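All chains should be modelled from the sequences, with the hints used to inform the complete structure.
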Amino acid sequence: MSVNQVYHQNSAKLEEEQGWIRRAQKDPEKFGPLYQKYYEQIFRYIYQRMDDQELALDVTSQVFMKALKNIKKYEYRGLPLSSWLYRIAKSELYQAFRDQKTMRTVNIETVHLTDMVQEIEEDQNTESRDKLFKVLKNLNEKDLQIIELRYFEKRSYREIGEILELTENNAKVKSFRALEKLKKYFIDKQ
Amino acid sequence: MKTKFNLDRERLDSSYINSRQDFEKVIKGYRATKPPIWNNPWFYGPAGLAGLAIILTLTFQNNFFANGNNSTLSTSLQTPTNQLPDDTPCLTPLSSEADIRFEEFNIDPKKGGQIITSNGSVVTIPSKSLIAAEKGNVLIKVREFNDQASAFSAGVPMDYGKKSAFESGGMLEVRGEQNGKSVSIDVKKPIKVDMALHKSGENFQFWSLNDKNGDWTEYHCEFANIPIQIVPLAYPAGQTGVKLSDVEEKIEVCNDKIQTLKSDSKSQELIPTEYSRKLIIDFDAKQFPELASYKDLEFEYVHPLNQTATEMKAFEKRVQYATQTIWNTMDVSKKSGNYIVTFKNSRESYSLPVRPVLKGASLVQFEQKLKQATQDKEVKIMELEKSRETLKKEQAELKKKFNEEVSSMRTSIDNYVPTNRTDAPVRSEASKSNLAVGNASFTTSSFGIFNCDRPHPYPNPFPHDVLCKNEAGQPIRMSGAFVFDLKNNIRFSFGIITGKKIDELAWGRNNSTLIVIDEEGNLHYKQEVNKTSLNANNSITLTRLDRKDVNLNAIKKILSENSVDS
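Protein chains in written order, with our numbering: chain C, 1 to 190; chain W, 1001 to 1566.
The reader is advised that the hints may include incorrect statements.
Derived DSSO-like pairs: lysine-lysine, alpha-carbon spacing no greater than 27 Å straight-line [claimed, not checked]: (1) C:Lys101 x W:Lys1028; (2) W:Lys1028 x C:Lys131; (3) C:Lys37 x W:Lys1262.
Because the hints were derived from the structure by calculation, they are not lab data. Source: prediction; values computed, not measured.
The structure is reproduced here in structure tokens:
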């Protein structure tokens, strides 16, 4: 499978980002370049999981407010700032679900289903895709989160681990298990 | 949790999403929850120092004109008092002379205001936060316990459960009253306290005291550790700090420039990879204005990074599938800054990530130009690194000079006693020298005592009872005994309030001071107590201090903490 390049940064970019972070840590109001860099990613992450666009914009603002407030506590661990922002976003997002402000939504594109059908080594036809779309609903929230991050958002295991607070290996194992479950549901449905 | 599944929801355009950016809104939200300026180490830079000097001057002037009409200030410092609030039965000061005085401030509840204590703590009272029975000003009383002597003298319990005692990093009591009657705080408008700590908040928790039973309850607080800085009254004429920050800024700029140059990989973007798989696709140049200036362009698949062998195999399989299938159309589009080629036929659509690369003569020309540019870049980086080295040397010299100026100021502050105040707030030498090591911020809607501590276990009891004797060799009839661990600043209490029983009296390896109170209220003490201090019959001889001589200075002296007068 392919990995979405937008989430991957070379070491030089990470270093450049560190410069911005250092400045923001001295003066949080200098967070601007980081806000601009990550706004779209964070918004997409949130909007991917809900239907209400305006609420997604609000939650995104909330995420950056929290990030600004806590930027001094941020420690570089070899990953882009986005991983840290995603963790804040995840927490804010699930708070919104708990407050029943909006419903949890999973947004899938046909192309993702095609990829997944291939991953579970099934025939790539419309019928398989439709079936996969149906069996996805059988997954529990945890498995769904992993499938969503890995197959619909094309994130690396390391990044999934950072977002879900797992080790990279654990993310890989969980992802494999979630896919196995999906395969089982798929076969059972036949 | 109910989950809804959407298929192919319309994808929002990047330009639309980015048009909804509103950094101003985020900044406004952040400012509303911004931690106090005390949390910022740069507060203690030139601007902060000057500001603090003004605050201190105003405070002392205000005190000097205690009864004058100064309408510009919302708070006014009153004469300190010994009066304890009625609602603190758990506080049992050693004597009225030994008790810690409150600093008092008049606050107009309508306007609210900000109080800055002599210790540097700040209490912020929002407008209409204080609820009083009558109209008019409210008296806010604050006192801080910055050392063992002050907490002990005021009788503040320091036990945590039955097995531990607290090491305090800072403790503050805040009360409010109007004409002798207590006032309350509106729960919707809590007061904010930024408490100066004399120890770093690291590994400390925060607690509030239950006034009725002397139990400590954990309380939410945000710590901010300020790097060791001091609080000078004014900035020295040398202005070293200003120069230092200028140099640091220049180094930062240098670092950024070097990083930017090193990270400039944009020029590499159009060079094909060694293992490239090319695609010749007609694309609409108008759709990609960034590529309009290049001739001889083709696309290659983007090879995935950090993939496992299975994933690589799957990718190869995808490419193979794409190249072996007959497609009706192949379109290049751009999603989130990445190029994607979408193949379509009557049955399905299929996509792969791609990147534009140069070919033929354009590639050769481009590579030559790139080589020259890379050499120029390397020279520039070398020059910048050289300038950075020079700046770093300058920085080291300025830092040295700055530290010298700071220590000279520190001495002058520590020796400073306001001459226009006969009733200067209690401020021990220890607390002065450790002041502003950290800061604990919290909000509260009830008055009380707040403490930044960490619990330590009681020392294991000795296998025998300890017999405390006076200098005449007679046994002391103890009502309570206290062991002060001087290394960790902990008070272990025996026989009093919630402490251990008297017969469990013991001390550990650390250098400690033992204080015993007899049934008549006289105090007996022994400094530098350790395991060898016990005589053959497990007795220890203590020095007596008559109850009439027990005061804060005497306690400080016994505990080797500097006295108020020094």
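Measure nothing beyond the straight line between the CA atoms of W:Lys1028 and C:Lys131; if it is 27 Å or shorter, mark the hint as holding.
Roughly 48 Å between the alpha carbons, so the hint for W:Lys1028 and C:Lys131 is violated.
Just to be careful, I want the Cα atoms of C:Lys37 and W:Lys1262 compared with a cutoff of 27 Å; is the pair within it?
Between C:Lys37 and W:Lys1262 the Cα gap is close to 19 Å, so the pair holds against 27 Å.
Decide if the proposed pair is consistent with the structure: C:Lys101 and W:Lys1028, CA atoms, cutoff 27 Å inclusive.
Given that 27 Å is the threshold and the Cα spacing comes to 23 Å, the pair holds.
In this structure, the one hint that does not hold is number 2.
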